[in-house]
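These protein sequence lines are chains U and S, in that order.
Each residue of the first sequence is one higher than the one before, starting from 52 at the first, in my numbering.
Each residue of the second sequence is one higher than the one before, starting from 870 at the first, in my numbering.
Hints in this document: simulated from the structure, not taken from any laboratory.
Just so you know, not all the hints are guaranteed correct.
[What the hints assert, rightly or not] Selected chain S positions facing chain U (in silico; Cβ < 7 Å):
id : residue
1  : Met-930
2  : Tyr-945
3  : Arg-1124
4  : Glu-1139
Think of the CB as a built atom: it goes at the ideal place given N, C-alpha and C, for glycine as much as any other residue.
Single-letter residue listing:
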Amino acid sequence: MCGIIGYSGHRPAVEVLMDGLKRLEYRGYDSAGVAMVENGHLEMVKRQGELEVLRRALPRFEGRTGVGHTRWATCGRPSDRNAHPFISCDGKLAVVHNGIIENYATLRGELESRGHRFTSDTDTEVLVHLLEEHYRGDLRQALADTVRGIEGTYAIAAIHEKGEEIAAARKENPLVIGLGVKENFLASDVTALLSYTNKVLYVMDGETVSLTPDKVSLFNAEGTMVGREPSLVTWSAEDAQKGGFEHFMLKEIFEGPNAIHNTLLGSLDMIENGEVLPRTDFQAVKLVACGSSFHAAMVGKYAMEDIARVPTTLELASEYRYSLGAREAPLVILITQSGETADTLAAAREARRRGCRTLAVTNVVGSTITREVDEVLYTKAGPEIGVAATKTFLSQLLAMYLLAIRIGYAKGTLSHDSMRGALYSLRQSSNMVQSVLNHIHDIEEASHMIDRAEHCFFIGRNINYPTMLEAALKLKEVSYIHAEGFAAGELKHGPLALLDDSTPVIAVAIKGDHTYEKMLANISEVAARDSPVLGVGCEGDTELTRLCEQVIYIPKVRPLLSPIPVTVALQALAYFVAKRRNCSIDKPKNLAKSVTVE
Amino acid sequence: MKAVILAAGEGTRLRPFTVSRPKVMIPIANRPILEYVVRALAANGITDIVLVVGYMKERIMSFFGNGSRFGVRISYAIQEKQLGTAHGALVVRDQIKEEFIMVAGDNIIDAQAIADLLRQREGVSMLVTDSEMPSKYGVVQIEGGRVKDIIEKPDKGMGNIINTGIYRFPPEMFELLEKGVMAGKAGITHVLHSCISQVDIEAVRSTGRWMDAVYPWDLVRLNEYAFNLSGQETSGTIEAGVTLRGPVSVGAGTRIRAGSYIEGPVVIGEGCEIGPYTVIFPTTSIGNGVQVAPYTVIYNSMLMNNVSIGSHSHISQAVIDDGCRIGTGLSASSGTAQVRVEDEFFKVEKAGCMVGEFTQIGPRAVLSAGTIVGANSRVGDGARVCGTLEDRSIVV
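Produce the entire structure from the sequences given, and follow the hints as far as they go.
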């Protein structure tokens, strides 16, 4: 999800670049950098971390031509040296790149044998060295020659110390040119340019670009100049990013099926060939996390015990790190979406101090946690902008099931046949989620039952007990309604006293689950206290329809996997309730996306 | 120039494949139909696109987003009720102030088709093409390059030049459309037909490609055709002893196991498990997360996402939707068949079976040529099925 920006014109380039990078922040990044032509030579500054870190490191630059980049690590971990831009051996050329160079290993070997010195672990760096070899005075021509030898995808921008020209090329990664008066721009996304111009030119696959303050020329792959009329952008930056959806939260809920698909890619290699957890000689598993991730961990406990038959315990990261720890050496699995959660990082260090093997489940490649543990499983849900975790939580659930299947298969508690069956069901869960989303208007309808409540309870049993804790958390986060989740069996031990006709109860009962009958009994208890009950159950469950005021249906599903569709249904419920209450859905008050303080 | 793509309809005649997606999102060679349209526009430098969405609009929005993945800028206009294409066009009236192109999102086209239309200057133009089955469409009669008459779904003998539903309109067209809608005309063609005498409509013969699927059995043919238009990539793991002939595209995380024989053109998505000893013939597309067990043979078929096929199955000219689970030894051959859709019978040659999403089929079932099985159905062990089954059918 890297972002690119380039500027050549009459203003100090550094201001335009930093402003553009700020607007590309939403794409997610772990490091950033800029390079510019400063009195006939190149200057470059790049830093790991927030843009603010980069800003503080910047001296006063006066240059009028430059390129900038935000990096979301894919090849080589986040660090100062792996950040873009990259500079050629002679120091005269700088390159930023978004995409993946598939044949970089071969190219790097060749370049090294010809004497090029590499300063990073990235695939991108080969570009700048190739460019140096091809450069004969025409920057765009050199870039066109460079990309001819590249396999992979890219949006590239390059500058040379001698001039005010920026050369660019694109294949399957976004790149747009902004047109100004005696200044021109380029960026990964038009939102980075909207403060300066709304006149843009889109670059097509295979094209190369030469951009100077006065002129922009496009060339096709054969080297012929291409004429193209500029387009006028008529909508705001914010709208454009949401791609038609009203809020990021809703957009990200709808990205659930894709997040599941991506998390499952490579699962065969992981399970059959032990790419994750090659050794499974531990006797027990401990899951450690905070917040929503802790709820995913709770689902994980049921999954590990059911699928892999391994004794599994759970701890909150903030508790685990200060606990004494009895004599035991479980595999410790740490779950953190951002990979930066302070308590979870401390828990990882504590686990290693105790001599445990550690595995992190995170969505961010190269985040801090990945350096604190023995092994990493990435969830690949893509960047999430809404503060309330939606698709990332879903992919964490998937990670829990995958680990359970790997452990079960490696330990022999799961036969090859059952393993394949389990994997098939997991893949199908993306269709289940799609099916819930296809009927999202029923959920919107059901949100009427809750939007005026002051308090709200969520009850479930077995593997859906944590699902309901998460659903309550989601409702709290975005709608500010006081919501609590309970194990349905615990109702009689207190919470029942709080129920009356103004307190809606959301209850999940999955037909086929061994606790289904018990759940029905609990629902009757609640209904007897006049609380309006919103049921969540499988299609065709008439029993539930009879007991509840309203029911949200999910497709028929194996009870063990039911948290996946139930979670999505209740995320959507929280969204619609918050929308009806006019809450600031994508940025709830007092909350931050990743909690990096203790 | 801006383009408006009409993508709000369901495509009921393509059920069960539109049960959970609009027609424009049916994957052909693993890409939604609408993606071909967007790419054809982008290739002509038309990067400002308004999508008119309605039925299951979120499916479209979450796939295309703001369009940056395709090098275009997409905004959305919502047609709440599907009251016809003329009404759909009016939804975007506020966003269009200049000449524009209007395209139906549910036909596969290539860049040339749009290029032909762009060569025209001024006024109203309509892209027309030759069709082998003019009776399904609006047949256009042309005189001196001008449209003289449009006859919707004619019997026969009216000629074989049809309206593709791709137009170039000046902004004043909205007034005509509004008048037409007020007068109870639902489709753009109806409106055009009613004002043929007042407005000069230039007929532009397409030298590019234009292809449509009206009924479920058309999908397989569309799939064959679209292969020329989609790119190729090979990643994933191909085990030793696999034979790949011709163009075969394999997605990331997919594993093709030893002994499999695949003859292209074939496209296989991401995260699939094929084989060992599976045989796949042209022109077949396989979506994401599909499992195909050993000794299964597949000819000219479409398997969508997360389908699982048991061992020793024989599948020909079939369309199988998302999440279907098919037991061992399925026999689904193709042949000439009478197929019923919406109480109408059609004689279809080379028809295979068509299976809606989430359907489960037990071991050793037989699906006769031209069978349509609705979504979420169950077919029991050893059952023999023919005809058209509704959604949620149970066959024992």
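Verification of the hints:
{"no.": "1", "hint": "Met-930", "result": "holds (4 Å)"}
{"no.": "2", "hint": "Tyr-945", "result": "holds (4 Å)"}
{"no.": "3", "hint": "Arg-1124", "result": "holds (6 Å)"}
{"no.": "4", "hint": "Glu-1139", "result": "holds (6 Å)"}
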